[in-house]
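S.K.: Below are the chains, spelled out letter by letter.
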Amino acid sequence: MSSNLSGAVERAAVVEAQDDLDAINQLYRERRWSDGLPVVPPTAERVNRMLKHTRRARHEIVARVAPGFGAATIERIAINAVLAGCDSEYLPVLIAATEAVADPKFNLQGIQATTNSVGVWVIINGPIAQRLQVNATFNCLGEGAWANATIGRALRLILRNVGGGLPGDMDRATHGQPGKYTFCCAENEEENPWEPLHVERGFDRGASTVTVMGAEGTMNMNSHSKDAGELLQVFGDTMIHPPSNEYTHGGEPFVIIGPEHAHILKRDGLSKLDVKRGLWETSKMRADRMSPKDRERAQDSRRDELGDFGPDTILTIARRPEEIGIIVAGGPGTHSVYVPSFGNTRSVTVEIAE
Amino acid sequence: MAAVTICSTAFILLGRAQASALGNASLPIAIVPHPFGLRSRDEVRQIAVKCVDDIIKLVSEAKKG
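First to last, the protein sequences are chains A and B.
Counting from 1, one number per residue, gives the positions in the first sequence under my numbering.
Counting from 1001, one number per residue, gives the positions in the second sequence under my numbering.
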């Protein structure tokens, strides 16, 4: 069998289909080219329209996508963007997101092929977020915003159709999660009292970036406290959960701090790094909260960091406080969200070329 | 050099598909039952002994090929 790692030009196949939406969707259903929702037919005309929003060559390979290592060409990214219902202007975001998931430190191989529920959360920063109307406020992780819905969906379709991550085949997820349909928002930079994620990571404030994070799901945290110390305690208590990949491996958990909580933390004098340090402390967990079997796994994974440990060893959620991710997003309300990571992964931020 | 991958039954499809994707569709794969979690040490030992036999067979076949 020939390998798809050869240097040959990778062109998308052209399939003749009946000019009928139902028939085309039936074809996509039979061939498992969809995520289970109806698709927008990627006609040559629609794909060409999408391709006008990049200067990169149609057949240029942006990345090889694990676990099948299919070639994510600009054209294939555009096709999946059309399928998902993206506006043409979204293409540069998806090119950057594809590049990001292929970064070795993201561990796409593990994320795509694991039994874990992990999905890919897409965070958009910078001026492009407003221009594309990516929702960063009310219900930013929920339905209703075209960009959030279709950008997250398109990346999932790339992971399936180019990467081969089909459930039950190479995607071995025991349950998966709703975020595997789509999982995308922008940071609410206007309401962020600290530096936004992309600036924290060394990009100019005026740059636009996409960050991908291997997320196990979301856990809402509703607290009416108006005190920074109490909020850090509440958040840390929520983040502690013994059967967690984060405590097993030392992960990179994220917290989406709602604007109201962020302003309380800032008012009480905390920098973003102070918040990370606080969460690192309040989320510490005794090793005997884990079952003995799970503790063995953690021991094997973290021996280099913690040495041999016993039941009373204190486990941290991340190896260093700086590895706790923070963004500010959402609308008014007393809520923040804990986003546990897959553990063996690190988020990746890539600048969006416009 | 001959190489053999060991896979539990739940991951065979992934192993085969990935071997093909990487251009080595004939990669020998030794198979063990899934899952291990509820098995006794004796059962796991028996599985390991059987697996060693399979590995030897697969390596011998690969060498001949």
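Mixed in with the good hints there might be a few duds.
Which chain A residues face chain B? A few, computed with CB under 10 Å, are given here [as the list claims (entries may be wrong)]:
1) Phe69
2) Gly70
3) Thr115
4) Gly164
5) Arg172
6) Gly176
Simulated from the structure, these hints should not be mistaken for lab results.
The beta carbon of each residue, even a glycine, is placed where N, CA and C say it ideally should be.
S.K.: Could you run down the list of hints and mark each one as holding or not?
M.R.: Status of the hints after comparison with the structure:
| no. | hint | in the structure |
| --- | --- | --- |
| 1 | Phe69 | 5 Å, holds |
| 2 | Gly70 | 8 Å, holds |
| 3 | Thr115 | 8 Å, holds |
| 4 | Gly164 | 7 Å, holds |
| 5 | Arg172 | 6 Å, holds |
| 6 | Gly176 | 15 Å, violated |
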